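Model the full structure from these sequences, guided by the hints.
Below, each chain spelled out in residue letters.
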Amino acid sequence: NAGVTQTPKFQVLKTGQSMTLQCAQDMNHNSMYWYRQDPGMGLRLIYYSASEGTTDKGEVPNGYNVSRLNKREFSLRLESAAPSQTSVYFCASSEGTSGGLYEQYFGPGTRLTVT
Amino acid sequence: GEDVEQSLFLSVREGDSSVINCTYTDSSSTYLYWYKQEPGAGLQLLTYIFSNMDMKQDQRLTVLLNKKDKHLSLRIADTQTGDSAIYFCAEKSGGSYIPTFGRGTSLIVHP
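Going down the list, the sequences are from chains S and A.
For what it's worth, our numbering labels the leading residue of the first sequence as 10, then goes sequentially.
For what it's worth, our numbering labels the leading residue of the second sequence as 2, then goes sequentially.
By construction, these hints were calculated from the structure, which means they are not laboratory data.
It is possible that part of the hints are untrue.
Residues from chain A that keep clear of chain S, each with C-beta distances beyond 12 Å, as calculated [stated by the list, open to error]:
| hint | residue |
| --- | --- |
| 1 | G16 |
| 2 | N22 |
| 3 | T26 |
| 4 | S28 |
| 5 | Q58 |
| 6 | R61 |
| 7 | L65 |
| 8 | K68 |
| 9 | K69 |
| 10 | K71 |
| 11 | H72 |
| 12 | R76 |
| 13 | D84 |
| 14 | L108 |
Going by beta-carbon spacing under 7 Å, a handful of chain A positions derived as facing chain S [as the list claims (entries may be wrong)]:
| hint | residue |
| --- | --- |
| 15 | F10 |
| 16 | R14 |
| 17 | Y32 |
| 18 | L46 |
| 19 | F102 |
| 20 | G105 |
Since the structure is predicted, the reported quantities are computational estimates derived from the model, not experimental observations.
The beta carbon of each residue, even a glycine, is placed where N, CA and C say it ideally should be.
In structure tokens:
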């Protein structure tokens, strides 16, 4: 089991460029999440998905779009990158879609710099 | 919304005990977690406690929960340099599948 994988590991973009961050999990989990991590701000939830075809906004969705392509894959798209989107992006998954202990499993992160 | 607060930094000497504290506001929190993030990596679940428990011990780790004060702590005995990491407190109510994370406490262990 690879767990949660993310590509790419590192990316540098110029302001205004677009890109898609890819995430896949092989644990047959129902729920998937995208977070960003900034110094002193902890983890902030961007979008989440409880099942294929459904997505919901988290705390900081502006400037991002997501696609839950199938049960395994959840991608995050930046249509027009801005320096404020420089961050480390983490994808996570968990088994549950309702109450329960449901540990989150995290990918290794994508380190994005927008110049 | 609900909030989880942690201090940002803790520095300890190798061999000492570390205590990382967390407070939360959601009175319906059912599950409380500690996640560990090592440098350059994602978060991994370290331990958890149910809201009907006061204490949980797992080898060098002791979790204490004061539900009345909404206070959670993680004690690491005999702290080693390999324990240097960011520790995140998180809580989740029984009806939700999305946890609320604190900002993380950077634990620095020096010789």
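Tested hints:
Listed as a non-interface residue, G16/A keeps its Cβ farther than 12 Å from every Cβ of chain S; the least gap is roughly 29 Å. Every CB of chain S lies more than 12 Å from the CB of N22/A, the least distance being 15 Å, so the non-interface label holds. Residue placement check: T26/A keeps its beta carbon more than 12 Å from all beta carbons of chain S (closest about 15 Å). With a cut of 12 Å on Cβ distances, S28/A stays outside the contact zone with chain S, its closest approach being about 16 Å.
With a cut of 12 Å on Cβ distances, Q58/A stays outside the contact zone with chain S, its closest approach being about 18 Å. With a least beta-carbon separation of about 20 Å from chain S, R61/A lies farther than 12 Å from that chain, consistent with its non-interface assignment. With a minimum CB-CB distance of about 19 Å to chain S, L65/A clears the 12 Å threshold, and the non-interface call stands. A cut-off of 12 Å between C-beta atoms confirms that K68/A is not in contact with chain S; the least separation is 17 Å.
Distance to chain S confirms K69/A as a non-interface residue, since its nearest Cβ pair spans about 23 Å, more than 12 Å. In this structure K71/A is separated from chain S by more than 12 Å, as the shortest Cβ-Cβ distance comes to about 18 Å. Distance check for H72/A against chain S: the nearest CB is about 18 Å away, which clears 12 Å, and the non-interface claim stands. Consistency note on R76/A: stated as away from chain S, and its beta-carbon is indeed over 12 Å from all of that chain's, at 21 Å minimum.
Residue-level check passed: D84/A sits 19 Å from the nearest beta carbon of chain S, beyond 12 Å. Listed as a non-interface residue, L108/A keeps its Cβ farther than 12 Å from every Cβ of chain S; the least gap is roughly 15 Å. Annotation: interface hint on F10/A violated; nearest CB of chain S at approximately 10 Å, more than 7 Å. Hint status for R14/A: violated, given a least beta-carbon distance of 25 Å to chain S, over 7 Å.
The closest approach between the C-beta of Y32/A and any C-beta of chain S is roughly 6 Å, which is under the 7 Å cut-off, so the hint is satisfied. Look at L46/A: its Cβ gets to within about 5 Å of chain S, closer than 7 Å, so that hint holds up. Here the hint on F102/A is kept, as its CB sits about 5 Å from the closest CB of chain S, short of 7 Å. Interface restraint check: G105/A against chain S, minimum CB-CB distance 5 Å, threshold 7 Å, status holds.
Violated hints, in rising order: 15, 16; the structure is consistent with all others.
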